[in-house]
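Chemist: Sequence:
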Amino acid sequence: MFSCGHPWLVGPTRVLSITLEADSFLYQMARIIVGTLLEVGAKRREPEDMARILEAQDRRRAGRTAPPQGLYLWDVKY
1027 MFSCGHPWLV GPTRVLSITL EADSFLYQMA RIIVGTLLEV GAKRREPEDM ARILEAQDRR
1087 RAGRTAPPQG LYLWDVKY
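Okay, so the sequence shown: first residue is 1027 according to this note's numbering, each after it adds one.
It should be emphasised that the hints constitute simulated quantities derived from the structure, not laboratory data.
Every residue, glycine too, gets a C-beta built ideally from N, C-alpha and C.
Be aware that a few hints might be false.
Distance ranges between label pairs, derived from CB positions [stated by the list, open to error]: (1) A1082 / V1102: 25 to 31 Å; (2) A1082 / K1103: 24 to 30 Å; (3) K1069 / D1049: 29 to 35 Å; (4) Y1104 / V1041: 27 to 33 Å; (5) R1087 / V1041: 25 to 31 Å; (6) D1084 / I1044: 18 to 24 Å; (7) I1044 / R1085: 26 to 32 Å; (8) A1068 / P1094: 24 to 30 Å; (9) Y1104 / K1069: 18 to 24 Å; (10) E1074 / L1099: 17 to 23 Å; (11) V1041 / D1101: 15 to 21 Å; (12) F1051 / E1074: 22 to 28 Å; (13) Y1098 / S1050: 26 to 32 Å; (14) K1103 / D1075: 25 to 31 Å.
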């Protein structure tokens, strides 16, 4: 959960739920994806940018890394 004081969000406090599923994750990958999605939601990027960023496999094209507060590892499946 991000408070309304977070620089990426404006307006009342919001709860945002994002589910990420993969065979594995790189260091801070989930936070980078969430940060980039927040930029899309704030209209700082176009939704189509997500596909381009993932295809490029270049961290420098992605958005800011979301802060860890409120992000949780919910489940690990083997």
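Chemist: All the hints need checking, so say for each whether the structure fits it.
Modeler: Here's how the hints hold up against the structure:
About 28 Å separates the C-beta atoms of A1082 and V1102, a value consistent with the hinted range of 25 to 31 Å. Distance hint check for A1082 and K1103: the Cβ-Cβ separation is about 28 Å, which falls inside the suggested range of 24 to 30 Å. At roughly 32 Å, the beta carbons of K1069 and D1049 sit within the given window of 29 to 35 Å. In this structure, Y1104 and V1041 meet the distance hint of 27 to 33 Å, their C-beta atoms being roughly 29 Å apart.
For R1087 and V1041, the Cβ-Cβ distance of about 28 Å falls inside the hinted range of 25 to 31 Å, so the restraint holds. Against the hinted window of 18 to 24 Å, the Cβ-Cβ separation of D1084 and I1044 comes to about 22 Å, which satisfies the hint. Here the CB-CB span from I1044 to R1085 is close to 19 Å, at odds with the stated 26 to 32 Å. Roughly 19 Å separates the CB atoms of A1068 and P1094, a value that falls outside the hinted 24 to 30 Å.
Between Y1104 and K1069 the beta carbon distance is about 39 Å. The supplied range of 18 to 24 Å is therefore violated. Taking 17 to 23 Å as the suggested C-beta distance range, the pair E1074 and L1099 does not conform, at roughly 29 Å. Here the CB-CB span from V1041 to D1101 is close to 19 Å, well matched to the stated 15 to 21 Å. Taking the beta carbon of each, F1051 and E1074 are about 23 Å apart, inside 22 to 28 Å as hinted.
Look at Y1098 against S1050: about 18 Å separates their beta carbons, and that is not inside 26 to 32 Å. About 29 Å separates the C-beta atoms of K1103 and D1075, a value consistent with the hinted range of 25 to 31 Å.
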